[in-house]
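Trainee: The primary structure of each chain is shown beneath.
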Amino acid sequence: MRNFSILPLELCGVSFSAGGKKLIHDIDLMIEDGPATILLGPNGAGKSLLLRLCHGLLQPTTGQVIWRDLGRHMPKLHAMVFQRPVMLRRSAAANIDYALKLNGICRQSRKKLVAEALELAGLSDQAQTPARVLSGGQQQRLAIARAWACRPQVLFLDEPTASLDPQATKAVETLIGQVQESGTKIIMTTHDLGQARRLAGEVLFLHSGRLIEHRPAEPFFSGPATSEARAFLAGDLLW
Amino acid sequence: MKKTLGSLAAAFVLTLGLAAPAAAQEQFIVVASTTSTEQSGLFKHILPRFTEQSGIEVRVVAQGTGQALKTAANGDADVVLVHDTVAEEKFVADGFGVDRRPVMYNDFILIGPKADPAEARSQGEGSTVPALQKIAQAEAPFVSRGDNSGTHAAELRFWSQAGVDVKAASGNWYRETGSGMGPTLNTAAAMDAYVLADRGTWLSFKNRGNLEILVEGDPAMFNQYGVILVNPERHPHVKADAGRAFMDWLTSEDGQQAIASYQIDGEQLFFPNAE
Amino acid sequence: MSTIGESFAAALALILGMDPALREIVGLSLQVSLTAVFLAALIGLPLGALLALSSFPGRGAVIVLSNTLMGLPPVVVGLLVYLMLSRAGPFGVLSLLYTPTAMIIAQVVLVTPIIVAYSRQVVEDLWTEYGEQLRSLGAGRLSATPTLLWEGRFPLTTGILAGFGRASAEVGAVMIVGGNIEHVTRVMTTAIALEVSRGDLPLALGLGIVLLILSLGVNAATALLAMATRQERRLMRRRVA
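Chains as they are written, first to last, in the numbering used here: chain U, 1011 to 1249; chain R, 284 to 558; chain C, 89 to 329.
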C-alpha cells in the first residue's frame, strides 16, 4: 500500500534546554519500522519532551531529528495523541473531519475516511454526539481515530491511558493494536509497566533526560542492563 | 448552524443597505438652528406646510446658537436660523453667510422660585436689570446656560448692564451648566434657582417644579431670530436654491402666518417680523 | 403620582399604543446599532484573534492601546467622526454627516475595541488550551484563527452583546454626528435626551424603559439562539441513534 516510508527515524545529538536547564541530553537513536516502541522512565525523565521533539512540536536546541524520505514539514505522515487530547466543540465526526480537512483532503473522500475512523474506534453510534460530551475513554479513542484518520505512518501516543479505568484502558489498548495492524508504527510513553509488557516491541529507557537503554522488550524486562532500569522495574524511586 | 449564521449575515447586510442615506429619494436641506425653536415645537408646526408646498424636506439640527453658527461655518448646513444678532452679523461679515433676514422674535423671561427670596419680581420696561442686581445682592442661586448660545449671550449682556461680575461669582451663587435651555431649566427647578429663559422653551417645558415667571414684558428682553444662507461661494455644495426657497417662504406672508399661528395653551410663542 | 410611576405608565402607553413615531425611532435604533455591531464584529474578531496569536515588536503596546480605547468617551468619538465627516474635514465630500451611516461609523469606532479585547482574550486562552493539539493536526496560527473563533463562540457572543450594549446605550456620539433630526437620525437615546431637555421626565424615563426592554429582547434572542443550537444538535443525535 505504501511505496515509501518515513522510517527509520533518526535522532543525532538531540538536546533540548528550557529556562537555562538542559532537559534532554545528547540523544542519538534510530527507530525502525516494526512493533511498538515504548518509552519508559520515571517522572521528569523527558519522555513527553522527546515525543514532542520527534513530532516536531518542539525544536531541538542542538542536534537533528531526521525522517527518511521526507522534507521536514510533513506532519501528516506522523501524528500524535496527547495525554489529554483537546476535543473541538463539535460532533465526534466533525472532529475527525476537521483533521482531514486540515490535511487538504477533499470533501468526497473525507466522508468515507471519517466513517472508517469512527468504525475503527467503535464510535459509529456517537458520530453526531458533541465530542466534549463523550466519556474519557471515548474521547481518547476519538483522539486516536482522529490522528489515525489521515493514515499516518507513525503515531505518537503520550500516556494514552493515564487517567482511564481498566475497562476503558483495555478498549484503548485494543484500538492501539488495530492501528498497529493497519501498518502504523506506534511510539508511545506509558507509566503502566503491565501495559508496556503487553504492547512493547522495543523499549527506550530514559532517565534524567538521557537515553540509558534501547533494547528489544523481552531482554529489557527479563534482564535490564543498567542499575537504573533494574531499580525502575523493581518499583524503587528513582531521581 | 452555519446556515443560520449565513442568513443572519445576509439580514445584516440588508439592514446596512437600508441604513444608507435616502438622499437621492427626495430633496432636502439641513438647517442648523437653536434648541429653543426645536424644543418649543415650532418646527414641527410649520415645517410640514413648507414641505407640502415645495417638496423640500427640512432636516433640523438643533444646537446652541454658537454651535449652530460653527456647524454652518464648516459647511455642514445649508441654512442657519438663530437668535444672536451680533454674532449673526459677524458671521456674515466673515464671509460664512449671505442674505441675512430677520424672521421673528420671542422674548426672554426671568424665571425664579415662587417664594422669590431676592424680591426680583417686577414688570415692564426697564425691569430686567434691577431684578438681576437684586439677585446678585441677595446672592440668590442663579443658573446660567454657560454654553455660548444666543440666550447665554443675551444674559451676559444684561449682567454687564447691571454691573455685576458673574465670572467672579461662578461656582458660588452663579452656576453655569454648559448645556441647553431644557437641561438648564431642569437644574434650576431642582435648585429653586433663578434663570433666564426664552418664552418658547418655558411654555413647552414640563418639569417646572416651584418655578414661575417673575420678570417679563421688558422690551430689552426681545429676542430677534434671523435666518442666513450659508455662503455658496465658500461651500459650493450648499443647496442655495432650496435654501433660498425656504428663507423666502419663512419671510413670506404664508410662512409668517404659520409662525404666528403656533400656540401652546392659547399663548403665542413667536411673533413674526420679517421686513 | 410619582415620576417613576408616571414613567411606567408612559412606557406602557407607548408600547401598547404602538405609536408610529416610537416605532420609527426603535427601528432606526436597532438598525443603526445592529449594523454597527455586525461591522465591528467583522473587524474586531479577526483583529483580536490576530493580536492574540501573532507576536511582533510593540504587541504589548498595541494591546494596551486597544484596551484603553474601550474607555473612549462617546462624545470624543462623536467629535472625531464629526471632524472627519464635516464638510471642512477630509471626508466631507461624501455628505455623510447627519445621516444614519455617520451614526453607524461612530458606533463601529466605539464598539470595535470592546470586541477586539474580548476576542483577543478568548482566543489567547483557547490557544493555550488548543495550540499544541491544533499544531499537531497540521494547523498554523493563521489557519487556526477561524477554528478558535468558532470554538470561542459562546464567550465571544458575550463580548458582542457587550458591544451592542455600548452602541445602543450611548448618546454622545450619535447626537453629534447624527444631529437628532426627526424622522432621519432620531434614535432612542437622542429622543430621551430631547425629552429630558423639554422637562418631560416621565416620557424620557418611559422611553428609557422601552430601550431597556429592547435590550432585553436582543439578549433574550441571543440566548434563545444558543439554546436552539443545542436543541438542534440533541435532535440530530437522537435521529442518528
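Bear in mind the hints are in silico, worked out from the structure with no lab data behind them. Be aware that one or more of the hints could be misleading.
[As the list claims (entries may be wrong)] Calculated lysine to aspartate or glutamate pairs in the DMTMM-like style (CA-CA distance at most 20 Å, straight line):
1. R:Lys327 / C:Glu220
2. R:Lys373 / R:Glu516
3. R:Lys489 / R:Asp548
4. R:Lys327 / C:Asp288
5. R:Lys397 / R:Glu516
6. U:Lys1111 / C:Glu220
7. R:Lys489 / C:Asp288
8. R:Lys489 / R:Asp390
9. R:Lys327 / C:Asp107
10. R:Lys489 / C:Glu220
11. R:Lys397 / R:Glu372
12. R:Lys327 / C:Glu112
[Stated by the list, open to error] Output of the computed footprint for chain C on chain U, the stretches with three or more beta carbons under 8 Å from beta carbons of chain C:
13. 1027 to 1037
14. 1089 to 1096
Using N, Cα and C, we set each Cβ at its ideal position, and we do this for glycine too.
Trainee: None of the hints should be skipped; say for each whether it holds.
Mentor: Going through the hints against the structure:
1. The hinted pair formed by Lys327 (chain R) and Glu220 (chain C) fails the criterion: a straight-line CA distance of about 65 Å is larger than 20 Å.
2. Simply put, Lys373 (chain R) and Glu516 (chain R) have alpha-carbon atoms about 17 Å apart, close enough for the 20 Å limit, and the pair holds.
3. For the proposed pair Lys489 (chain R) and Asp548 (chain R), the alpha carbon gap of about 12 Å is at most 20 Å, so the pair holds.
4. Our distance criterion of 20 Å between C-alpha atoms is met by Lys327 (chain R) and Asp288 (chain C), whose separation comes to about 17 Å.
5. Our distance criterion of 20 Å between C-alpha atoms is broken by Lys397 (chain R) and Glu516 (chain R), whose separation comes to about 52 Å.
6. Between Lys1111 (chain U) and Glu220 (chain C) the CA atoms are separated by roughly 18 Å; this keeps the pair inside 20 Å, and the hint holds.
7. Proposed proximity of Lys489 (chain R) and Asp288 (chain C) is supported: the alpha carbons are some 5 Å apart, at most 20 Å.
8. At roughly 19 Å between alpha-carbon atoms, Lys489 (chain R) and Asp390 (chain R) fall within 20 Å of each other, so this suggested pair holds.
9. As the CA atoms of Lys327 (chain R) and Asp107 (chain C) are separated by approximately 17 Å, the hinted pair is consistent with the 20 Å bound.
10. A distance of roughly 65 Å separates the Cα atoms of Lys489 (chain R) and Glu220 (chain C); the hinted pair therefore is violated under the 20 Å criterion.
11. Only pairs whose Cα atoms come within 20 Å are accepted, and Lys397 (chain R) paired with Glu372 (chain R) is rejected, the gap being roughly 38 Å.
12. A hinted pair counts as satisfied when its Cα atoms are at most 20 Å apart, and Lys327 (chain R) with Glu112 (chain C) qualifies at roughly 16 Å.
13. Counting residues of the segment 1027 to 1037 of chain U whose beta carbon lies closer than 8 Å to any beta carbon of chain C gives 0, which falls short of the minimum of three for the stated coverage.
14. For the segment 1089 to 1096 of chain U, the proposed coverage by chain C is satisfied: 5 residues have a C-beta within less than 8 Å of a C-beta in that chain, meeting the threshold of three.
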